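A.B. asks: Sequence order for the protein chains is A, B and C.
The first sequence begins at 3 in our numbering and counts up one residue at a time.
The second sequence begins at 0 in our numbering and counts up one residue at a time.
The third sequence begins at 35 in our numbering and counts up one residue at a time.
Heads up, none of these hints are tricks.
Using C-beta positions, here's what the derived DEER-type ranges look like: (1) B:Lys-116 <-> A:Met-12: 43 to 53 Å; (2) C:Leu-172 <-> B:Pro-137: 16 to 26 Å; (3) C:Pro-450 <-> B:Thr-327: 23 to 33 Å.
Calculated pairs, DSS-like style, for lysine-lysine (alpha carbon to alpha carbon, straight line, at most 27 Å): (4) C:Lys-390 <-> B:Lys-196; (5) C:Lys-422 <-> A:Lys-124; (6) A:Lys-124 <-> C:Lys-262; (7) B:Lys-209 <-> C:Lys-86; (8) A:Lys-34 <-> B:Lys-178; (9) B:Lys-196 <-> A:Lys-34; (10) B:Lys-170 <-> A:Lys-34; (11) B:Lys-246 <-> B:Lys-209; (12) C:Lys-86 <-> B:Lys-295; (13) B:Lys-106 <-> A:Lys-34; (14) A:Lys-119 <-> C:Lys-262; (15) B:Lys-287 <-> C:Lys-86.
These aren't lab readings, by the way, just hints derived from the structure by calculation.
Predicted model, so just to flag it, every value in this text is computed and none were measured.
Cβ atoms here follow ideal geometry from the backbone N, Cα and C, with glycine treated the same way.
Residues per chain are reported as follows:
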Amino acid sequence: MKARINLNVMMSLAIMAVSAYALYASLQWPFKTALFPRVLSIPLFFLATTEMFLSLGRSQKDVQGQAMDFQMTDDIDPALARRRTFMIFSSILGFLLLILLAGFPLAVPLFVFLYLKLAGEKWLLSSLMAVLCWLFMEGIFDRLLHLPFPQGWLFSLWG
Amino acid sequence: MKRLLIGLLGLAIFFLNLLPAHGASYYEGKTITLIVGYPPGGGYDRYARLYAKHLPKHIPGNPTIVVQNMPGGGSIIAANHLYAVAKPDGLTFGTFNNALVLAQLTKIEGVRFDLTKFSWLGSLASDAAVLTVRSDLPYKTVEDLRKVKEAVIFGATSVADTTYTVPFFLKEFAGFNFKMVTGYAGSAPIMLAVERKEVDGRAGSYASLKPFIDRGLVRPLIRSRVSSAEIKSLPIDEDLATTPKGKALMAIRTAPTLIYRPYVAPPGTSAEALKILREAFAKASQDKELLAETEKGNLPIDYANAEECLKIIREVLNQPPETIQEITKYLKFGD
Amino acid sequence: MFDAFIQGLLVILQWHTLAVMLLGIFLGFWVGLLPGLGGSTTLALMLPFIYKMSPVEAFAFLLGMHSVVATTGDITSVLFGIPGEGTTAATVLDGHAMAKKGEAGRALGAVLMSSLMGALIGAFALAISIPIVRPLVLMFGSPELFMVAILGITSISSLSGQEGRSLLRGLIAGLLGLLFATVGEDPQAAMQRFTFGQLYLWSGLDLVPVLVGLFAIPEIVDLARRGKAIAGDVPVGHISGVMEGVKDTFRHFWLTIRCSLIGTWIGILPGLGGAVAQWMAYAHAVQSAKDATDRDRFGKGDVRGVIGPGAANNSKEGGDLIPTIAFGVPGSSSMAILLAAFFMVGLVPGPDMLNKHLVLTFSMVWTLILANIITVAVSLAVLNHLAKLTRVRGSVLIPLILFLAFIGSYTANNNPADLVTFLFFGFLGYLMIQCGWPRAPLVLGFVLGRIVESNFYISTSRYGAAWLHRPLVLLLIGLSILVMVYPFLRFRRGEATGKEAIQ
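Work out the full structure, taking the sequences as your base and the hints as a guide.
C.D. replies: So, in structure tokens, the structure goes:
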């Protein structure tokens, strides 16, 4: 429970910082340019402050589900949930890194293969999916649509 | 004797084959990338795709040309890429905003190229700018415009765009009673506003206004120095300017429109490749099939070769600092 | 005029026209399904192919392709939680939630049927409005457009949630979205706002990586956390079928009609953009809920949250065509590309299209109708199989979904910086879910930001303060106030009836 409240507080603080910065930046602009950002950032700042104070207050029950949005699945052991969340975010960042280093056409099958293998899938399935993804990348995005994929950093270092 | 002659012939054939590869095999089997600094569907993109289709037959070796869109920063991103990242091997060239010369002149942050150092290929078209007002207004000539009681209202997209700068310059430097309303999402919504009588007229590229002029919605009254057959008789904005400074600024604003669809290759592209490409562009611009499609698609062609383009670029860039200061005040760069 | 109507149908039923239309439908089917192949980009890529076609064929091809994209884009939104298109993001909220409950088939059925009905109503609106369309569009000037955008923003109150606390967060999200929209070069003085010296941000944040990040990443994270298939623990044999969803569309017949009309209307108003219609329809669907507990179901898998946007994003197509054909003003970015097609076949959009070329205009109407009927029929046949994908192990699907999400964000502008945007908004979306902050208002603020600001400046610059007196503006102000306080009225009425029940 407490962890969630703190997250709310932190989010509110972050929004307060963002709106304060927006207001500050707008001071240097001509009137017309600055009007809209000011009209937005001032109420945003106050609303965020309100939200922050409300979140600091008495501990709230499940804040999550109140929004008209989905709710992260709850019925798992929180430690397990935390671990899995960490894993998925690392995978996502890892994918980005792979793309930057090796370029899209190589990164995609590589990532698919690595993820599936590390998730415990069989060799056959992992390789098959990787190959399929590679075909998709090459076939449609490269050959058919000629989309420009910048070279990965590793390759620009090489040649 | 016969054996000697055959021997000499053999030797000759042998040496002929050693000659460096000339045009025909340079582009044989290769793929050329044409980079467009705008998203698909817009004017620059359509010109590019059209030329991508017709250029190969004028390049010995018949290579394939592939169009890649690299939008962003008013095409500065594409220009930067062509300047520093693309390899000068003759396999890449591209097109970007003709107003980039102004961006370079006014030292816009983010500009990392020097237009004079590009290997120029030419420009596909020039663009005339006109000022138009709604037909049902009582203004039929420039004199009428001078005598208006209420300000004539022109719709514009942003202060960096010709929809704004054309009437703005006429207001500042020729004393017309104009008012500009900026914020429209594009030139088409402005035309709707004209029909709605929300604004009185629109200025801008003649090519884009032509359908509305032909339809009778608006009437052209003033044009820029760059002209087109139908509007030749209109008074020129530079002639209406009351000060030399005004004249000069209008001229600088108009200059880039002579090279409205510029095409360049990265700096340092080999002379041989450049020659081939330049010839290809010149020939393609006279290609009957291409011209038939441009007619149909309302894409005027007015090819200017590389020397002409460079001359104009150098003229615009060659300004004394006071003028540059003035230009920065009046001409903004935008998307 | 009636015979032009019939002629329009006959003209597209000719063999070669039908053939190119089917080709267009086939292309559009896959384009909508795959995130990253945007409808407008593909339209632009197809332009060079229409040079050799006659006007009727050209539009049968292009419209056949484009009108289908919104339909199949909904499928990706429902199954994987990735918005297949910018216009199908709203269907992710309830559609994917239903998939997680094992109701993928039902959601797909609902989304398809509502798409079809939306398309039909949009086409119908296009057809009957032809005589009155010009005065109709001319009524809406910049002040009116500004008010419509404000109306859109006030519907944030419906998209936030139940209690006051949710409203507070909804407002924060909405304001944040509006603020994000100001990033880029401002049209009034060409100043760079919040661009931090990055060329990439000059044109502002692009909608696609924002949407894909905001919606896809939290779903992916959730999928990873659960460690199961999308449909989770739902026992085999209980995956409800497509026909159930189809029936739902008819159970909520009037809602479907109303949302289709909203979509059409937003489409008719030029310049509101493609993404707005679905959210306003969604907000309306929420408002149609009977009471507080009924409203609570939205966002968690209510079929009405699927039907509303599903209908609207198709009916918008028909609406979009109206200003495009009648004035040459694009109703959305894809329409701007369609305009190029007009010029390419030698036509000038405007009054001529409604007089001389009336048959062609009607052929476009029929294309919309026919293309959607064919697509829906084909999709319904394969949908039950597609729904089975929700039973596949999460760990197998995740790399694929990530692949689609990454590629989808990249190909928006071919700029790797979009991937950073994608991740940023992905993380933001995740945090918002964790804190119970609704995402819909953020999106709405983001898509409406520019429209609000620009039209405000045009209105005041042109009319001073006089635009506030215009009749249509006053009407819209009233409507906005109504929309804004509606949830509160409902709440108090609910309280009152609650008290009665207790007594």
